[in-house]
Structures are given as structure tokens and as C-alpha cells.
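S.K.: Note that the protein sequences, when read in sequence, are chains A, B, C and D.
Anchor point for the first sequence: position 221 equals 221 in full-length UniProt numbering, and the numbering is continuous, going up by one each time.
Anchor point for the second sequence: position 59 equals 59 in full-length UniProt numbering, and the numbering is continuous, going up by one each time.
Anchor point for the third sequence: position 196 equals 196 in full-length UniProt numbering, and the numbering is continuous, going up by one each time.
Anchor point for the fourth sequence: position 56 equals 56 in full-length UniProt numbering, and the numbering is continuous, going up by one each time.
Everything labelled a hint here was simulated from the structure, so no lab data went into it.
Be a bit skeptical, because a hint or two may be false.
To be verified - List of simulated lysine-lysine pairs, DSBU-like, C-alpha gap at most 30 Å:
(1) LYS386/B with LYS221/C
(2) LYS386/B with LYS221/D
(3) LYS301/A with LYS208/A
(4) LYS386/B with LYS386/A
(5) LYS301/B with LYS386/B
(6) LYS221/D with LYS386/A
(7) LYS386/A with LYS60/C
What the hints assert, rightly or not - Over 10 Å on every C-beta distance to chain C, these chain B residues come out as not near it, computed from the model:
(8) PHE5
(9) ALA49
(10) ALA81
(11) GLU102
(12) GLY148
(13) GLN232
(14) ARG254
(15) ALA303
(16) LEU337
(17) ASP375
(18) GLY383
(19) GLY387
Claimed, not checked - If the Cβ cut is set under 10 Å, some of the chain A residues that face chain D in the computed set are:
(20) ASP2
(21) ARG65
(22) SER68
(23) ILE286
(24) ALA290
(25) ALA303
(26) GLY383
All C-beta atoms, glycine included, are put in the ideal place defined by N, C-alpha and C.
Chain residues, written in single-letter form:
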Amino acid sequence: MDLAFTAEEDAFRLDARAWLAAHLPAAPLPSLETAEGFAAHRAWERELAADRWSVVSWPEPYGGRGASVVQWLVFEEEYFAAGAPGRVNQNGINLLAPTLFEHGTEEQRARILPAMASGEVIWAQAWSEPGSGSDLASLRSTATRVDGGWLLNGQKTWSSRAAFADRAFGLFRSDPGADRPHRGLTYLMFPLDAAGVTVRPIGRLDGKPAFAELFLDDVFVPDQDVIGEPGQGWAVAMSTAGNERGLTLRSPGRFTAAADRLVTLWREQADPADTALRDRVADAVIGARAYRLFTYAHASKLAQGADIGAESSLNKVYWSELDIALHETALDLLGPLGELSDAASDAPAHGGWAEGWTFSLAGPIYAGTNEIQRDIIAERLLGLPKGRR
Amino acid sequence: MDLAFTAEEDAFRLDARAWLAAHLPAAPLPSLETAEGFAAHRAWERELAADRWSVVSWPEPYGGRGASVVQWLVFEEEYFAAGAPGRVNQNGINLLAPTLFEHGTEEQRARILPAMASGEVIWAQAWSEPGSGSDLASLRSTATRVDGGWLLNGQKTWSSRAAFADRAFGLFRSDPGADRPHRGLTYLMFPLDAAGVTVRPIGRLDGKPAFAELFLDDVFVPDQDVIGEPGQGWAVAMSTAGNERGLTLRSPGRFTAAADRLVTLWREQADPADTALRDRVADAVIGARAYRLFTYAHASKLAQGADIGAESSLNKVYWSELDIALHETALDLLGPLGELSDAASDAPAHGGWAEGWTFSLAGPIYAGTNEIQRDIIAERLLGLPKGRR
Amino acid sequence: MQFLLDAEQREFARTLDRLLAAGDTPAVVRAWSTGDHGPGRLLWGRLAEAGVFALAVPEKYEGLGLLPVELAAAFVELGRHAVPGPLVETVAAAALLDRLGVAAAAEEWLPHIAAGEARLSLCLPAAGPYALDADAADAVFVVDSEGEGDRLLLTRESGPVQPSVDPARRLSRPVGGSVVARGPEVTEAAAHAAGLAAFATAAQALGVGQALVERTTAYVKQRAQFGVPIGSFQTVKHQLADALLRLEFARPLLFGAALTLEPADVAAAKVACGEAVYAVARTALQLHGAIGYTAEYDLSLWLTKARALRSAWGTPSACRARVLADLG
Amino acid sequence: MQFLLDAEQREFARTLDRLLAAGDTPAVVRAWSTGDHGPGRLLWGRLAEAGVFALAVPEKYEGLGLLPVELAAAFVELGRHAVPGPLVETVAAAALLDRLGVAAAAEEWLPHIAAGEARLSLCLPAAGPYALDADAADAVFVVDSEGEGDRLLLTRESGPVQPSVDPARRLSRPVGGSVVARGPEVTEAAAHAAGLAAFATAAQALGVGQALVERTTAYVKQRAQFGVPIGSFQTVKHQLADALLRLEFARPLLFGAALTLEPADVAAAKVACGEAVYAVARTALQLHGAIGYTAEYDLSLWLTKARALRSAWGTPSACRARVLADLG
């Protein structure tokens, strides 16, 4: 049992650190949930990609470095420790790409992945529908077979990044007569500027259009943009969902970096005798450390060929609650400044605490609500009987 | 809107205070969950009764003072503030007596209540059975009609006080053919030393026999010890259950007094700069105050003739969680002493924190688990649909 | 002992509820958030007609006397309908001017406050450097320390708006001002005003929490997943039960504080209402899911306010300290 | 990077598990609680044969060297089976004697510890005045401060037993003793021993928590109310899910600390394991209901230990302070 990095991993860390030090934007980019910020973040993706830092864990032919899971974790630690910008293409990189690696064709990978790696094509996810959130199997948008492809109809919602992105991916009901709700679904990709697509941006709590509604009216998708077999979309998507909830969406480096910033804030702002705040700061540090070590244990299991499966639900609940607690502590440390939005001229420079807090509040909701995750933990990890919930 | 006491209420308070000051035992009585302590607490009941302080809210003919709800609350405040002994007959006074007042016959009241008021007869409750805890309607012990009375058979458990008490009350299935599980039950009283009754004391977490199992083998109960109509036991018991969960079982005076003792402990033990402990002490003070005021609002509603009903579930959850938090805070304040049982010679004099903590842990379980109470709050106060749980 | 609102007080609250329900308050809030104060001023006038501001003004200045129970009942409704504006600050400023005893200032402002013709903001040292909605106020009263003691300033320069996490709360650091009074009387009046502000904020927070529980309860009854209303899931039930529990045990602390206005009682009410409203907001958001996370859905008007009210006019930590400090 | 127990370490834990499962450990605990140490001593001997105590003794004293990972794995199993006795204290005393470098004392005690022939209790200033199970120990080491610095005493007088909330933990204030060493070496060795005690206690706590979750999971699968297993109720599921979550995120902190034994890492593990075990015990009790509240049901053996282990050898508050103090 060890936590030692190989010489290669150490070298990889130093490479990443050096590159980030040389390339990091001088000032924080504008919020990626704005048109201006989206463009700035796309440019940053391009810069990352130019030196093969945008998708380190992918094979080299697609723009990656073939990094191991541990190398990827190392990269993420360096990335967040440097305070580097948010990743505007994370829907594509974390959700769609793993599906393409597992279920896509060679043609699809060659066509789609390099453009994703370079930021040329930014992806939105299109999972939810107005009636289907936690109950994803109840989707009603349809894909109808036509010559050479499919026609999409219906409505998607909570489509993150869709306000400014280029393409989207999601599930559509291709066989309305299937005997169970999660059968007869097909996994498709489509352009957001295609004929028949209407994108209505939706502002999140702070007003920024972090997601959108998509209205689809006879949107043509060629066969080449179906992933896996038609009708098998649920099985195809589940590998992505596991990924979304698990290792990749929230890397430990994000929380260790945030905890470090919190400690700095605490030292600047707090009376060290205020043990109530001190204990919460300590809990953030301990929680981030726990999440990091838990992830290294996962990485070790993966390296041994083990499957993570339902354990990813533990990750999801843990990081989402840690993230909220950490940001609430920061707002309390800020005192009267804690009410300010990051757009306020008085807001602490390089803080981002208000936006971070707003973002954290969504954590227990998206990628499978924490209620669903706890059901999964109880049923699959502890073997408790299924109930009606 | 006011919280003002009348001159009569103020005089009542001073009377109670003076009596308590004159009669309070010089040293704390031994735990009432021991044979020695049980006897001492029975003697204390006798002393209370001699001056009509054992059942102040009862009518005078039965040994009470006809006190109003507010006067009862005032008495309880004084009682707990004085640090007076626990009430060994609370099962009788708080659970059985309200049922007798509502559903008993005049003969039953005359026969049973004065002996209860004086401590001559101490009562145990016998609600639960091994298979029936939260699901009380699934009781299986039987009452079989015989000439002049009933024969009881079966097993009761978690019968608090039964290790040392004189008599018990509970529900028995008198009509096994009834169409629904909560029909065909009869409310009966029986002596614990009757032929056919076997009492097996059960030690709680600290080993003290705070409750017992009762094995009933053809125990004869005369008709005069049935409360209400045979077969109507469920309806009869529900009034008692509401009472148990509501105002009477846990009077606010208990928690305001405990919070005061906690503040004293905090001042003795804690670094005032330790805001983490300070905040928890403040929360106990605030919580006890909230529970007191909430109860005064209830008392005002009752005085207007309103029914409390499902609101008593709010009480139950609140005081049980407050009680645990308060005692956990005390244990943390005590530092290394916090691990000691109250029997330890090093334990703080007049502390009782360890026993209080042990006792508090049962709060969310008995008198309807807090899970059941939250179901009731959601369904009856908020009108949410019944689920399968 | 009659620790319940009487029939007249309950009717007063119902009147405000009807008035606000009829006034499309969400549209007023959204306008206010963009700096359009017109609809908010109209609503302010109607609230004044109903007597809200007169509750904080003594009779000799054309008010109804300081009536804390009615004031609490009113602010619960104001919170419940997410009414924007320097409501707390105006009544607290009234309390300050009344307590200060500088006749000219009292005569100049108090009758106008009672009549709904003056909106005031307020900035006191204990509550941080920001004044709420100073850009919409007729004036801002500022207490600061200078040399030998506290002084009270009056300014009409609100300073640039510093956006809050609640778009309907427009913060700024007021600039300059002329001296109205100096000395220990200012300190004492400021403490009195800060207490009343904490008290009114507690009431407002309780009302916000109540709206969040009401709206969430309604939502989970109709929102279906897996073929049943989500309100039939036990964890949904228990989360809402806990939310109700928090509010129902914060409420008596609020009205208990109304009867005394003692600092420790007000602090206890502020802790309980402030912690409750934030916890309830978390629950409301979680049970709504993504739709609750959007600015266009009205729930957001209450959600964003919850965090701000938890700390405004007395952080939980400061209030807990006060509760223990005053135990004597 | 291989942050998992290897096959040999897992097999070692399984061996201990089998040994303890075969030994009717609950009966041993109950005897121990009444002061009957016979069965506990027999079990101690079997644990020593399996190599448990040798893990804390260097090879030159007939041990296996200080092997923190294996020690953690072992103490998880000891906690999981609620093994009574001064287990933590004996390995911490071994660490103290090894670090102190007083050859005579090390030679006298360490080989006997490794062989399971010596049970030691330990009393260090930072952890309060009580020694655990001193009445069952062959000797008690006590560090105290006198005049110019710390000194290490050895005593065989255990003092009267002070009952703990956990009947299987017999506390006392040891009396008198002869001086073994003085000076800064004692201070340094005591700090090292306190760290190892906190570390072993964290592991024991994690094991206790694991047993509580295992037993409660089994119970809710078979206990029926309202016609179904209570484990099918969503709030029961979620309470157990949260319990598992706490343990599974405390575990990596424990083994992370094993790799460094750095005070801050040990403190983080102690906070997480200590808070987890107490929270898990609350859940276990609640989901068992009344039966969990009884001394005769075996669950109580773990429940009562949970509270004690949360604070033993480092309160959560002290450990949190340490985590931040050492961040540099």
C-alpha cells in the first residue's frame, strides 16, 4: 500500500505545472455562462489542445497523451491548484467521449474526438425532459426512422452549455411500442444550429444562462450520428451516466484547491479563536483530503481491472455535499462581503465564492439527484430491498 | 398576545417553589431504574401527594388541584428548575389517567386515580410486542372472553417501569376475526403480580432495568378493568398516544432547566473563546426557549378549545432531538469526564449527564419513532400523499 | 397568557396577504431587481395605506405607536410575498429617530415614514458597510465613529450598486452626508435600531421560509416521477416535515421577542428564523430540482433572499453570542 | 501508487476476523465488563500469536517492526469485533518505549508486548487523567509534568475503577509509580505515543462503525413492520447509505495516515473515524429501535463504545485544530 508517484508521474506533474505557469490567463476569464466568457473559454481549450493538455487521458491519435488514471488525477490537481479556468467542453469530454470510446465507431471517433479536444466543437448534454428528470426512462422525445437517418421531435431541458454550444447528445424514443420504458431508446447526436432546433436559454439562480430548453421539430440526424445500436440507447447511456457520477466529472483536485483557498481566506479573515469557523474550515480540508484519497483508492482498483459500478454514487453524494459546505463556510468567513455577487466591485479579487456557492447548490441535483444516489447506495452496495421509494 | 401570568398563576408558582424548597431531598435519589431508587421515588410520590403536588392538573376529588394547563406548565418549570426527582409514576399519570378521564367509568376513576396520585400503585405501560413496534396495529396478544372477565395471553415488551411497578395497561386482540388490524382490540389493565404474569426485566444500554418483557399465560382480568368498550381499544388508546407525544410527556420545564444547567457547566468548564461549544450551548438555550414558547402557544390554543392533534408530532420530534443535542454538548464540555458513567466517583456531583444522555437516546424511538412522526407531519399537517413509506 | 395572535391581528395579516397576492408581487420584484423602482413604490404606498409603516412610528408623529407584534405579523407577510425594498431599514430608521430624540429630525421624517412617503436606508457599524436599496431610498442614515464617539449622518448619495446574491437586494456604500447628531445618544439609538432591524429581518425570514414550504409542498404534490407524485416518497416527506418543524419552532421565538424586544430574545429569534430560512431554502431547491435552480421560475425570488436574510442585521454567530451574554 | 491493501494484508485481516468470530467475542466483552479478565487474556494471547502486537514492536525487540498499515487493518478488526482491553494503550506504550530509547525499559517490556505476555495501560497529559483497563494491565506508564519537565512513571497501582459509559472500558486514575525517565526525550516520546494511540483508536472506531452498519443492514432486511422489511423504507435506506458514506470516506484517511503517521494526517483520520462511528451508532440505534437500546442485545457492545472512541486519544475539536495548525 502506497501513495508514491513514479518518476514518470512526477515528471508529468512538473510538465503540467510548468505549462500552466507559462500559459495561465493573467486575469480570471469572464464566467463561462456568458457569451463573452464562453468564447474566452473556447479559446483557452484551443490553447490547452495546442500542447496536448486538453484531454490528457485520451489516446494520442485523438489529441491526448494516453495518460493513466493517476496521471489524469495529477494533471487535475495541478490544473485546479493553478486556478486555471473552468472547462467549457466538459460535457463532451466527460460524458460523450467515454461513450464514443466504448460504443462509437472508429469513423465517429475520428470525426468527433479531435474537434472536441481542440474546442472546435463544444457539446451540450440533452438528457432531461420537462417530465423526465430523475425518472429518465420516461423520456418522450422521439426519433422516427426516415431514409438515411432519423427525425427528432420533442423537447429537452436543463441542457447545460446549450445556450452557446455547437452540438448536443441525448436519448430519443425510437420504438414507442417497446414493452418497458427504458427499452426502445436511441442515443443520437445533433447540431444545435440544425433546421428545426430552437434553443431557449434559461438563467440559473444568478441569472446566467447556464442551461437551455431545446425544442426539436423534425430535426434530421443522419445514421452516422447514432451511437451504438438503435433501440439500445439506455444501455449505451448508462455507461456515460456512471462516468458522470463517478471519477471524472468532479476531480479531487478541484476540492483540494478550493480547500486551500478556503484556508487562505480563513487566515485573512477569521479570528483564529473562533473555533466554530475553524472547525468548518478543518472539515473542508479533511473532506477534500478524504475525497482525494478515496479517489486514489478507486484509481488503484481501476488499475487492477476492477469495476467501480455503484460505488460512484458514494463519490457523487460526497463531493456535492462537501462542495456546498465548503462554499457556505467561505461565505460566512466573508462576513458582510458574503452577500455580494462576484460581479460586485467590492467582491474579493480571485474569489469567485458567490458563483462557486451558486454552482455548488446544483450539485445534489444534477447527474442523478442525491436521493437517487442514496437509493442506489442502499440497494446495490448494502443490498437493501427495493421499495416504491 | 401576551405571556403574562395572572396573579393567581404567580401565587401558584410561589407556592410550588416554596414547597419544593422545603421538601426537596437533600441529595439526588438513586436512579429510579433500580430497586432502591424505585422505592425512594415512590416515597417521593407519597410526599408530593400528601400536599397535593403529585397531580396538580387533576380535579380535587382525585388528589389534584384542578390546575389549568398554564398552571401545570408553571408547576413543571418550578419542579425541574428545583432539580426535583424524576416521576416514577409518569406512565400512569400521563398515559393512563387521561384515558380514564376520557373513557373510564366513574367507578374506575374513583378506584384507580387516588391510588395513582399517592404512589400507592405505580403503573407500567404495555404497548409493544416483539413483532409490533411502530406497527402497533399488528398486536397479537389476546384477550379471550370468559365469565365475568377476560383471559390474557401473549407477550408484551419494552414495558417501561414494569421491572418494579404494580400494574400495567395495554391493548389486546379480543376479536381475531375483525376485518382490519386495528379493529377488535380491547384496552385492559392488569396487575403485574397476578397469576400467569411473568416479568423479565430488560437492561437498557447502561444496564439498568428500565423496561421488561411480560409473559401472559391465562391472566384473568375482571370486566371492571376494561377501559371503554371491548373491541374499541384502538380508538381509546389513540387519545393516550396523542397525549404521550404531545404536551404532557415532556414538559418544557425539563428542557429549560437542563439548558440552565448546561450554561452553568459551560461557564465552569469551557474556554469562552471556544465558539464551537458556545454556539451549541446557545442553541440549547434557544431550543429550550422555543419549545417553551411553542408549548405556551399550544396551551393558549387549548384554552380556546382548539384541538392540537397532529401538531403534537412536531413536539415529539423537536424535544427528542433537542434533548440529545443538549446532552451531547454537555458530554463534550466535560472533556475526559464526559466518558464517565454517573456512578463514577469522579463524575460531577448533581450532574447526571451520562444517564441523561443515555435516556435522551431513546427519545427518537419511543412514543412513536421520529420516522413515524415525520410521516404524520408530512401527511396530516402538509397534506402530502400517503406512500408505502 | 394568550400567546396567540388575536382575531384583529390575524385579520391584519390576511389583509396584507390579499393585498400582496393581488399585486403580482413577483413582477414587482423582477422590476426592482433591474433598478426599476416604480412598481415597488406603488406597492409601498399600498402597504402604507394598510398601516404597515405606521406600526413603527409613535402616535405623536402620526403613527400607531411601536407595535412589535403587528410589525412581526406584517413582516412575515412581506417576506412571504418577497416584497422588495428597504422595508426593514425604514422601520429601523424610524425607531432610531424616535429613540434619538432630536425633534427636528423626528418631525421631518417620522410622519412621512408612517404615510409611506419616505423610504429610508440605514447603515450601522455592527451590520457592515452596506446600505440596502439606498438607490431607491429618499435618504440614507449612517452611523459611524469619529473621534470621540458615534455620529449620525444623513446622505442622499447612495454610491454605486454592489450586486447581492439576491438580485432584488441592491447594496451600496453610501457616500458623505451631513451630521444630524453626535454622542452617546446616537450609540444608544443605533443599538435600539439594530435590534429592531434584526427583529424585522427575523420576521421577514420566517415569511420567506413559509412561502418556500408552501410552494414546495404544492410542487411535490403535483410533480410526478416513476408514476407517482414525488410527495409520496418518504425522504421528500421527511425533508418537508423538517422544514416545517424549523419554521414552527422559530415562530414562537419571533413573537416572544415581539413582547419584550430584549436583545437576547431578538437574537434568539434571529438565529432561529435565519437558520430556518436557509435550511428551508436548501430543501425547497432540492425538492424542486432543476426548475428551482432557474431565475425565471418564481421560487428563485425567495431562494436567493434566504441566504441574505440569514446574515443580514445579525449573523447567526453574533446572535448566539448575544443570547449567552445576556443570560446574566 | 497502490492505495489498497495487498493480498497478504487482506488475508491477515481475514485471519483475525475468523479468529475473533470463532472466539465468541461478545461473551468475552461481557465477562470483561464485570471485571472477569480471564477470557479476555486468552483472546489476547491468540491475537498475539496472530502477530497483532508484534506489529508495534521493532524487530530488534522480537517484533515485526512498526507496521502502521497492518496495525490499522488489525485494529479495524479489533473494533469490528468489539475486543476489550488496553489494546490501543499497549501498542502506544510500545511506541513510547521504543522511541524513548531507555534500553533497560525497552528490553524489559517490548519482547513481552510482542509475545502478548504484557498488557500495558498508558496515561498521557494530552489525553486526560484516566488510564484504560489499568486493573487488567501488567503495568501502567504515566507521563506527567513535574518541576522542570516531563517524566515517565511506571506503576502497578491502578486506582479505583471509574465506570465508563462503555461497560467494557474500565477507567481509573493510576497511583504513584517509580520514575523511568525524565526530560525532553519523554515529551517527544509521549507525543509519538499519543499519535500512535490516536491512529489505532481511529482504526478501532472505523471497525466499530463497520460492525454497526453490517449488523444494522442485516437487521433491517429481516425486521418487518407494516407487512414489509423496514429496509425497504426510503428513510431507512438513506440513513444507512449515509452511514456507509461516512465510513467509506473515513477509511482512506486512516490508511493515508498509516503511510505517514504525520500528526495532521492522524488527526484528520481521528476526526473522520470518530465522528463517523458516533453518527453511525446513532443510526444503528434508531433503526433497531427499542431492541438496540438494551444491554443484553449484542449491538450494545458496539453502541456504547462509539461515544467513547469519538473522544478517546484526541477529541474532534483538538484534532481539527491540529489539522489546520500543521498546514504550514
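S.K.: So, for every hint listed, does it hold in this structure?
M.R.: Results of checking the hints against the structure:
1. LYS386/B with LYS221/C: 11 Å, holds
2. LYS386/B with LYS221/D: Given pair LYS386/B, LYS221/D holds - Cα atoms ~23 Å apart, limit 30 Å.
3. LYS301/A with LYS208/A: Violated, because 39 Å separates the two Cα atoms, which is more than 30 Å.
4. LYS386/B with LYS386/A: Distance of about 18 Å is within 30 Å: holds.
5. LYS301/B with LYS386/B: 28 Å, holds
6. LYS221/D with LYS386/A: Holds. LYS221/D to LYS386/A sits at ~11 Å (cutoff 30 Å).
7. LYS386/A with LYS60/C: Between LYS386/A and LYS60/C the Cα gap is close to 68 Å, so the pair fails against 30 Å, i.e. violated.
8. PHE5: 6 Å, violated
9. ALA49: 27 Å, holds
10. ALA81: 14 Å, holds
11. GLU102: The claim holds: GLU102/B sits with its nearest Cβ about 25 Å from chain C, beyond 10 Å.
12. GLY148: Check passes; 47 Å lies beyond 10 Å.
13. GLN232: Per Cβ check, GLN232/B is outside 10 Å of chain C; nearest 30 Å; holds.
14. ARG254: The claim holds: ARG254/B sits with its nearest Cβ about 16 Å from chain C, beyond 10 Å.
15. ALA303: The assertion about ALA303/B is violated, with a minimum of 8 Å to chain C.
16. LEU337: 22 Å, holds
17. ASP375: Its Cβ does come within 10 Å of chain C, the nearest being 6 Å, so this is violated.
18. GLY383: 7 Å, violated
19. GLY387: Answer for GLY387/B: violated, closest chain C Cβ roughly 4 Å.
20. ASP2: 6 Å, holds
21. ARG65: 17 Å, violated
22. SER68: 9 Å, holds
23. ILE286: 5 Å, holds
24. ALA290: Nearest chain D Cβ about 4 Å off; hint holds.
25. ALA303: 8 Å, holds
26. GLY383: 7 Å, holds
Violated hints for the displayed structure, listed by number in ascending order: 3, 7, 8, 15, 17, 18, 19, 21.
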